[in-house]
Amino acid sequence: MKILTTPHMDRCIGCHSCSLACARLINKRFSWEAAGIRIESSGGLSSGFLAKRCLACEPAPCVAACPTGSLKQRPGGGVTISRKLCIRCGECVAVCPVDAIAVDAAGDIYVCLHCGRCVDFCPHDCLAMGSAEKQNMEVEL
Amino acid sequence: MNEDLFRVLLVNLATGKGRVELIPGRSTAIGGSGLAALLFAAYGDPGRPWHDADQPFILAVGPLTGLFPLMSKTVSAFKSPYHNQYTESHAGGRSALALRFAGYDALVLQGRAVTLSCLNIGASHLELKEAGFMAGMNALAAGKVMRRMFKGNSGHRSMLRIGQSGEIGSAMACINVDTYRHFGRLGGGAVLGNKNIKGIVIQGDSTYPLPENKDYPVLFKKVHEMVTATDMLRKYHNLGTPANLESLNELQSLPWRNLQQTADSQIEGITGERFADDTLLRNGACSGCPVGCIHIGYVRERFEEKDNRYLYRQVAYDYEPIFAVGSMLGVTKAFDVLRILDILEKVCLDAMSAGVALAWATEATDRGFLSAKETLVPLKFGDAESYMTAAMHLGTGENEFYRVLGQGTLAAANSYGGADFACVLGQEMAGYATGEVFFAAQALGFRHSHLDTGGYSYDQEHKEKDVDAAVSFLLADEPDRCLLTSMVSCLFARSVYSKEMLAECLKVTGYPELASNLEVLGEKIRRHRWQMRFATGFNPDEITLPKRFYKVSTWKGPIDAAYLDTLKREYGRRIRQLVEKEV
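Chains as they are written, first to last, in the numbering used here: chain A, 1 to 141; chain B, 1 to 583.
Just so you know, these hints were derived from the structure itself, not from any lab. It is possible that some hints are incorrect.
Stated by the list, open to error - When the alpha-carbon atoms are kept at most 27 Å apart in a straight line, the in silico BS3-like pairs for lysine-lysine are as follows:
#1 Lys214/B to Lys84/A
#2 Lys222/B to Lys28/A
#3 Lys222/B to Lys235/B
#4 Lys507/B to Lys2/A
#5 Lys28/A to Lys507/B
One chain only, chain A, in its complex shape (with noise of 0.2 Å):
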């Protein structure tokens, strides 16, 4: 399976409409936080932007903290959420080693699903859909 990859993030110009797609069409909430990937300017805006997103772990050491069952591994890496099992703990938020995983105040959380959905709403092409294995050769955090 195909995951989400940011192999051209040195093009993005910052507008969140990738985040904003992800909250608004997977998350239906209004936010740019609520989104499984979610832009921040590293170190103002001179320096450009990286995008803070799940890596797609295999094994996730997310699925292994989640006491509940609520994350569990998706095949081709990164996971898969059940909302109804989540009991909002946040340990998965604390053992992701890149900080993908968002928590609102309420403690729902956010992990991007690789669904792609937020793909063609990026202008600059800088998001795509391609292989795991690939990804740390071609990316662009």
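Using the hints, position chain B against chain A.
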């Protein structure tokens, strides 16, 4: 958010305490411009001066902020240091989405902080932090310090700050927003300086429910495709607004050397193509806007004569700043334009106002009204080095002359002479010497902005001299722009957001009443804004046009003085009528 109530954070800077108020009025004020006027009516005092500590500084967003592409602007409103009257100034960056995701329709600052301070707000925090150590700090350095003072939420926060010009009360002081955007005109920076506020951090750190219907994401996608997959907005992200430099020069409508010319063959050094080919590093975007019209160039300086030691800085450019410190100052090399803009960014002066003011000072020097005793450096059209120094002096108020000039070109002309050639149309002119209609439109416009109405495009399309038709156009054009600045949309999207499209957007996001009343509301908001302006002292008859504007030649030939005077008189009369009539 989908109720008649505005959620407004009021902060008393004297105590550092704030309160959230739920204020009715959405159904008539919408947000943005309408909300700002409503809040000024509630918390401002038309009769007291701009620097009275109790006068509010207002930031307002709208019902569609963040919900659709290019709904990405924030309206600031305040009593202006420039003319001591109510005004607005608009900016993008991350400010709009940050305020929205902090959970507020508006922020109102009241009172004055005891010492120089920074304000930090978010969905669940309010902090006023003493920052006396930032006194005299330039705006770019201030941003770097603020990132250290207020950690977290990188990318999801907006940082507003002022430079030296705001601290000294310059009426041309702007507010830097996220490094590359500005609340530029009419002295917002001095308003914050007067309140002892060096910077404001707005953290967009909360999330909200989405409108619950299937039509919203479908309509979002449609608008997104219009702004990204068609050529409707291509001009804004391709060459950007600087594309207009060449075309206005061809039209004999680009002000050169303090408007002594309207065209010059040296345009080739400062065209949009020249900036893109030679200086453009990359584009940026306001949050929520996939167009990405921000053009960031660079300056590179060798700082050791014998060795190859260089530094570089990134500088944003647009049509207006290039006109103001390029053609208006006779500076015809793109990198020189960026070097001057870099200084203006640091001292945090509005580039348009500062450039036009320095152009007047140059001609005043040529004509013997000024000497190096006042200007400290000899000003000469085309001399970029001197203008860099003069820009710094203007921003820091180096001597009495620069402090007076910082209050406006006409203020300086009143002291030193030379009012006839002061290029002031209510405030320092925008870069459109297109003809009589624009001159009248900016001189009497609500913000004295080229974006108040489409006067400059009317000039380019109409050679006939029909006063009633021209004034009727200006009056008819304004309410629709008031709607956009109440939503709050970028005005670059005015071709996308017709009233019909705005109505669709409002319907699917839970504002059916607003959607059905747009025609009336645009007119109401326009009227309310003007009422605030008149209440604070605006008198169209007191606005005079310096003689320079009567000596201009455009593609239509020499300016027709009688036509210009009649236009101005009639436009003023009908603006006054707007305020008096019932809507």
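Hint check:
With a CA separation close to 23 Å, the supplied pair Lys214/B and Lys84/A stays within the 27 Å bound. Distance check on the hinted pair: Lys222/B and Lys28/A sit about 18 Å apart at the alpha-carbon level, within 27 Å; holds. The suggested pairing of Lys222/B with Lys235/B holds, with an alpha-carbon distance near 20 Å, which does not exceed 27 Å. For the hint pairing Lys507/B with Lys2/A, the CA-to-CA distance comes to about 37 Å; that exceeds 27 Å, so the pair is violated.
Among the hinted pairs, Lys28/A with Lys507/B is consistent with the structure: their alpha-carbon atoms are about 18 Å apart, no more than 27 Å.
When held up to the earlier numbered hints, the structure conflicts with hint 4 and nothing else.
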